[in-house]
Every structure is written in C-alpha cells, then in structure tokens.
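Colleague: Residue strings, one per chain:
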Amino acid sequence: MKLYKMEAIVLRARDIGGGDKLLVLYSREYGKIKVIAHGASKPSSRKRGFVQPFNHTKFLIQRGREIDSVSQCEGVEMFSFIREDLKKIGYASYLAELLDALTPEGEPNEFLFALLLETMRLMNNGDDEILARSFEIKCVGFLGYRPVLDSCAECQGQTGGRIHFSSGLGGVLCEACASADREAVSCDRGVVETMKVLLSWPPVKLRLLKVGRPARNQIKVLLRDYLKYYMEHELKSAAFLNRFTQGPPG
Amino acid sequence: MNYYAKPVAHLIDQLSKLPGIGPKTAQRLAFYLLGVPAEVAYNLARSIEKARSTIQYCTVCGNFTDEEPCFICRDERRRRDVLCVVERPRDVVAMEKSRSFKGLYHVLHGAISPMEGVGPDQLHIRELLRRLEGGEVKEMILATNPNIEGDATAIYLSGLIKPLGVRVTRIAHGLPVGADLEYADEITLSKALEGRQEMK
Chain A
12 MKLYKMEAIV LRARDIGGGD KLLVLYSREY GKIKVIAHGA SKPSSRKRGF VQPFNHTKFL
72 IQRGREIDSV SQCEGVEMFS FIREDLKKIG YASYLAELLD ALTPEGEPNE FLFALLLETM
132 RLMNNGDDEI LARSFEIKCV GFLGYRPVLD SCAECQGQTG GRIHFSSGLG GVLCEACASA
192 DREAVSCDRG VVETMKVLLS WPPVKLRLLK VGRPARNQIK VLLRDYLKYY MEHELKSAAF
252 LNRFTQGPPG
Chain B
2 MNYYAKPVAH LIDQLSKLPG IGPKTAQRLA FYLLGVPAEV AYNLARSIEK ARSTIQYCTV
62 CGNFTDEEPC FICRDERRRR DVLCVVERPR DVVAMEKSRS FKGLYHVLHG AISPMEGVGP
122 DQLHIRELLR RLEGGEVKEM ILATNPNIEG DATAIYLSGL IKPLGVRVTR IAHGLPVGAD
182 LEYADEITLS KALEGRQEMK
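Just so you know, the sequences run in chain order A and B. So the first sequence is residues 12 to 261, counted in this note's numbering. So the second sequence is residues 2 to 201, counted in this note's numbering.
A hint or two may mislead.
Dumping the calculated DSSO-like pairs for lysine-lysine here, alpha-carbon to alpha-carbon at most 27 Å [to be verified]:
{"#": "1", "chain 1": "A", "residue 1": "Lys239", "chain 2": "A", "residue 2": "Lys207"}
{"#": "2", "chain 1": "B", "residue 1": "Lys103", "chain 2": "B", "residue 2": "Lys192"}
{"#": "3", "chain 1": "B", "residue 1": "Lys163", "chain 2": "B", "residue 2": "Lys201"}
{"#": "4", "chain 1": "A", "residue 1": "Lys13", "chain 2": "A", "residue 2": "Lys45"}
{"#": "5", "chain 1": "A", "residue 1": "Lys45", "chain 2": "A", "residue 2": "Lys247"}
{"#": "6", "chain 1": "B", "residue 1": "Lys139", "chain 2": "B", "residue 2": "Lys192"}
{"#": "7", "chain 1": "B", "residue 1": "Lys139", "chain 2": "A", "residue 2": "Lys53"}
{"#": "8", "chain 1": "A", "residue 1": "Lys99", "chain 2": "B", "residue 2": "Lys51"}
{"#": "9", "chain 1": "B", "residue 1": "Lys7", "chain 2": "B", "residue 2": "Lys51"}
{"#": "10", "chain 1": "A", "residue 1": "Lys99", "chain 2": "B", "residue 2": "Lys192"}
{"#": "11", "chain 1": "B", "residue 1": "Lys192", "chain 2": "A", "residue 2": "Lys53"}
{"#": "12", "chain 1": "A", "residue 1": "Lys53", "chain 2": "A", "residue 2": "Lys16"}
{"#": "13", "chain 1": "B", "residue 1": "Lys51", "chain 2": "A", "residue 2": "Lys45"}
{"#": "14", "chain 1": "A", "residue 1": "Lys69", "chain 2": "A", "residue 2": "Lys45"}
{"#": "15", "chain 1": "B", "residue 1": "Lys18", "chain 2": "B", "residue 2": "Lys7"}
{"#": "16", "chain 1": "B", "residue 1": "Lys51", "chain 2": "B", "residue 2": "Lys18"}
{"#": "17", "chain 1": "A", "residue 1": "Lys216", "chain 2": "A", "residue 2": "Lys98"}
{"#": "18", "chain 1": "A", "residue 1": "Lys98", "chain 2": "B", "residue 2": "Lys7"}
{"#": "19", "chain 1": "A", "residue 1": "Lys69", "chain 2": "B", "residue 2": "Lys51"}
{"#": "20", "chain 1": "B", "residue 1": "Lys163", "chain 2": "B", "residue 2": "Lys103"}
{"#": "21", "chain 1": "B", "residue 1": "Lys103", "chain 2": "A", "residue 2": "Lys53"}
{"#": "22", "chain 1": "A", "residue 1": "Lys99", "chain 2": "A", "residue 2": "Lys221"}
{"#": "23", "chain 1": "B", "residue 1": "Lys201", "chain 2": "B", "residue 2": "Lys98"}
{"#": "24", "chain 1": "B", "residue 1": "Lys18", "chain 2": "A", "residue 2": "Lys53"}
{"#": "25", "chain 1": "A", "residue 1": "Lys13", "chain 2": "A", "residue 2": "Lys53"}
{"#": "26", "chain 1": "B", "residue 1": "Lys98", "chain 2": "A", "residue 2": "Lys45"}
{"#": "27", "chain 1": "A", "residue 1": "Lys69", "chain 2": "A", "residue 2": "Lys53"}
{"#": "28", "chain 1": "A", "residue 1": "Lys98", "chain 2": "B", "residue 2": "Lys192"}
{"#": "29", "chain 1": "B", "residue 1": "Lys98", "chain 2": "B", "residue 2": "Lys139"}
{"#": "30", "chain 1": "A", "residue 1": "Lys13", "chain 2": "A", "residue 2": "Lys99"}
{"#": "31", "chain 1": "A", "residue 1": "Lys247", "chain 2": "A", "residue 2": "Lys99"}
{"#": "32", "chain 1": "B", "residue 1": "Lys139", "chain 2": "B", "residue 2": "Lys103"}
{"#": "33", "chain 1": "A", "residue 1": "Lys98", "chain 2": "A", "residue 2": "Lys207"}
Hints are computed from structural coordinates only; laboratory data are not their basis. The model shown is predicted, which means the values in this text are computed figures rather than measured ones.
Please model the complete structure; the sequences and the hints are all you need to start from.
Modeller: Below you can see the structure in the form of structure tokens.
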C-alpha cells in the first residue's frame, strides 16, 4: 500500500454516487490533483467535513491503479465565513474554478497555492472584488501570461497619449499601435496603473488600495476578456458573480 | 466481433447506460434476466414502463407522483402552515422516514452551484413563491444539504422569503447519531454547539 501526504485546498467536490466524492485539490506538493474520497457524502464519514470545497486540509492519500483515494484527512482551516455569505461563496467558487481552469494536473506551483490560501484568508474582512482581480492578474502572471502594462505590447515603446488594451496582443497598446488589434478597447491610464498595483502588491497590502466603481468595472471587463482569450471559455461562476455583485457583466 | 445474439447485445448496451453499471455488471445483469423465470423479467420491464408513463412532478410541491396532486399534498391531516424545502425528491423520502415532520414539502430540483452554473432560475423557486402568495404558510423550513451548494441555496431563499413575513428556519447541523466527537470537523462542532439544547 503506497501512501503519501499533502496539504491542499479543495477546489471542487462532486458526488459520484455511492456516497463517494471526486475531489479536485490544489496541493502545495503536487499542484492540481484529482482524488476520490470514498463514502465522504455519508453522515457517518470522518472525512465529510474536511473535503468540502474551499477547505484547507492535510491529506493522507493512497495510490490507486486508476485514481488515488483519500485515506485520512485533517482540517487546517475551514473558512466558515465563506459559507455564510452568498457573495463570498460566489467569489471563492470563482477563484477555485479559475485555478482549476488555468492549471494542468500534477504541476506544483507553491506561489499559486500560497496566493489562493492568502486570498481566501483575506476574504474574511477584505475587499472581495479587489482580491479577486488581484488573484486573476497574479495567477495569469505566475502561469506565464502576464499582461504587458509598462510599455506598448506591440512596439515596446512608451505609451503616450490615449492607450488601449488588447487581450490578443497581450497588454496595453500605444495610440499608434491601437489599430493592430481591432478588438482593442480604449482604457484610462489610471486603470492601467491600478492593474500594475494589483499585479505587484502582495494581497495583504491591497486594503490600502482605493479604487472607484468606474475603474473597478473597467478592470473587471478587461481582465475577464483577457482570461477568456487564454482559457477559450468563460467560467460558470463568473455568470453567478455578475448576478449577485455590482458592476457590468464581463 | 460480436459475441452475443443481437437482442442480448442490445440489452447489455441499455443496462450499461445506467449509473454505476459498467460493461461487466451489465453483462451479469443481462444473463441474470435471461436466466430467471420469464415473469420476473417481464415484471421488471412492465414496472419500468409503468413508472415512466405514469410518474410526473406534482404541480404543487414538485415531488414525483402518479396522481395530481401527490398523496402528501392531498393529505388533510398534514399541517398547511409549515413548508419544508428540500433539494431532491429523494430528500422527501428521507424526511418522511424520520416520521418527525407533519407539514408539506417543496422540492427545488437542485441547489445553487456557482461552479456548475446552476443559478436560482434553474430551480423551482418561482413555484415556491406562488405557493407563499396565499399567506397560509407561516414557516418555511430549509432542509437543503449542509454543503456549499445547500448553504448558498438556503442563504438565497432566506433573503428572498423573509421580507414576505414568513418565518424562515433551517434544519439543525451537528454530529450524526453514533459519531465520535474526536473526528468531528470544526464547522460541524461549532454548528452543534450553536444548536445545543437543554436536557429534558
């Protein structure tokens, strides 16, 4: 019997019949990994409480022929405040779905694990929307799709005058290059500066950041469009968030 | 290469479409059905056909029924002022087995799940609001599952129904009968403490 340990955040938990759950975990040691938790839907299960989505749990995993299974688990942080607020459930679902969509299985990335953990901790009394935007931009940055914000993504020159943002060309465009992508959208310089802050500041420092509603809306639309370009699909929880939070659909 | 006579292959194919039934189990079931007295197999076929052709959703509560409205909604002895909201028809069965609830039910046919793209519009919430219009219902018990989806559904319904002047409660969460305190998680324990009761 081969057993191994890991510390992970539960991204998804889907009932697969017979009281079993298929878990998608993001672990510190192995990155994204799918495991089965046998009997985890049954009231008598000792694992039941620890394998709920968004829990930070220590796992002892047993290797299986086709899929590994949870042998034992112990909760580290349960983030119970998330379960008490519909918007927080929406934001946490969005973070989990985004990380699931962006990462392949079996590629560890400790930065992403720490980023998700810290973002979820700060959701207790932080600005959920700003934390989600910071998570989005940092996540794509860590995975190699960091948007170019300091210079023109097309000519690498200075971005004087009016600036545009192009998801296809991977960042901001100067006035002269704006025609390089017909779908590039005009954006405020302040919005780009805020995006730089979201990318570079640690999440804990973001409580000092004050962003008005128009800028929040524009950043949301730009980043959602940017993510959609790279993922080639929209996240289901994004539609949920659009319904239960302020701002435009994006 | 086909190893079976065509009707047997078709039967195995149909059985393997059932949840949790793989090709080996489907083969075992097919040979069992061919081996038992013909009446056993015909009874099964007739039961499936009858259930499929007569069972529908109750237009009042949304539970499975062969009569309109269902036998629970028709029962005059049940309290009409308490409504228990559950996710699935099988949850009605679980509640009925407890023999502790004497009110009426409402089946949502799912739970809000942001990651699965299930929102309030996909659930039978409009039907629930219509039932509350009469003013007969004084209390709504939310018996959604104690997981993220059930919590999201309960929070949404509570926000929607409370302003209508209906008392909204949720079934207690805590330790299951026969469980060890040692193995309980912190959310379950804190819910169990919140819902503690004085000894009788």
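Colleague: Are the hints correct? Go through all of them and say.
Modeller: Status of the hints after comparison with the structure:
For the suggested pair lysine 239/A and lysine 207/A, the alpha carbons sit about 20 Å apart, so the restraint of at most 27 Å is met. Using a Cα cut-off of 27 Å, the hinted pair lysine 103/B and lysine 192/B holds, with the two alpha carbons roughly 25 Å apart. Restraint check for lysine 163/B and lysine 201/B: the C-alpha separation of about 31 Å exceeds 27 Å, so the hint is violated. Distance check on the hinted pair: lysine 13/A and lysine 45/A sit about 17 Å apart at the alpha-carbon level, within 27 Å; holds.
Only pairs whose Cα atoms come within 27 Å are accepted, and lysine 45/A paired with lysine 247/A is accepted, the gap being roughly 20 Å. A hinted pair counts as satisfied when its Cα atoms are at most 27 Å apart, and lysine 139/B with lysine 192/B qualifies at roughly 25 Å. With a C-alpha separation of about 32 Å, the suggested pairing of lysine 139/B with lysine 53/A is violated against the 27 Å cut-off. Straight-line distance between C-alpha atoms of lysine 99/A and lysine 51/B comes to about 46 Å, which puts the hinted pair past the 27 Å bound.
Of the supplied pair hints, the one linking lysine 7/B and lysine 51/B holds, its CA atoms being roughly 26 Å apart against a limit of 27 Å. At most 27 Å may separate the alpha-carbon atoms for a hinted pair to count; lysine 99/A and lysine 192/B meet this at roughly 19 Å. For the proposed pair lysine 192/B and lysine 53/A, the alpha carbon gap of about 18 Å is at most 27 Å, so the pair holds. For the suggested pair lysine 53/A and lysine 16/A, the alpha carbons sit about 24 Å apart, so the restraint of at most 27 Å is met.
Among the hinted pairs, lysine 51/B with lysine 45/A is inconsistent with the structure: their alpha-carbon atoms are about 40 Å apart, more than 27 Å. Our distance criterion of 27 Å between C-alpha atoms is met by lysine 69/A and lysine 45/A, whose separation comes to about 15 Å. Using a Cα cut-off of 27 Å, the hinted pair lysine 18/B and lysine 7/B holds, with the two alpha carbons roughly 17 Å apart. Only pairs whose Cα atoms come within 27 Å are accepted, and lysine 51/B paired with lysine 18/B is accepted, the gap being roughly 20 Å.
Note on lysine 216/A and lysine 98/A: the hinted pairing holds, with a Cα-Cα distance of about 22 Å set against a maximum of 27 Å. As the CA atoms of lysine 98/A and lysine 7/B are separated by approximately 55 Å, the hinted pair breaks the 27 Å bound. Distance check on the hinted pair: lysine 69/A and lysine 51/B sit about 49 Å apart at the alpha-carbon level, beyond 27 Å; violated. In summary, the hint linking lysine 163/B to lysine 103/B is supported, as the alpha carbons are separated by about 22 Å, within the 27 Å threshold.
Distance hint between lysine 103/B and lysine 53/A is fulfilled; the C-alpha atoms sit about 25 Å from each other, no more than 27 Å. The suggested pairing of lysine 99/A with lysine 221/A holds, with an alpha-carbon distance near 20 Å, which does not exceed 27 Å. Annotation: proposed proximity of lysine 201/B to lysine 98/B holds, straight-line Cα distance about 24 Å (limit 27 Å). For the given pair, lysine 18/B sits about 25 Å from lysine 53/A by alpha-carbon distance, which is consistent with the 27 Å threshold.
As the CA atoms of lysine 13/A and lysine 53/A are separated by approximately 25 Å, the hinted pair is consistent with the 27 Å bound. Taking the CA atoms of lysine 98/B and lysine 45/A, the gap is near 35 Å; set against the 27 Å cutoff, the hint is violated. For the given pair, lysine 69/A sits about 20 Å from lysine 53/A by alpha-carbon distance, which is consistent with the 27 Å threshold. Distance restraint check for lysine 98/A and lysine 192/B: the Cα-Cα separation of roughly 21 Å lies within the 27 Å cut-off, and the hinted pair is therefore satisfied.
Between lysine 98/B and lysine 139/B the CA atoms are separated by roughly 24 Å; this keeps the pair inside 27 Å, and the hint holds. For a cut-off of 27 Å, the pair hint linking lysine 13/A to lysine 99/A is broken: about 38 Å separates their Cα positions. The hinted pair formed by lysine 247/A and lysine 99/A meets the criterion: a straight-line CA distance of about 15 Å does not exceed 27 Å. At roughly 14 Å between alpha-carbon atoms, lysine 139/B and lysine 103/B fall within 27 Å of each other, so this suggested pair holds.
The straight-line distance between the Cα atoms of lysine 98/A and lysine 207/A is roughly 26 Å, inside the 27 Å bound, and the hint therefore holds.
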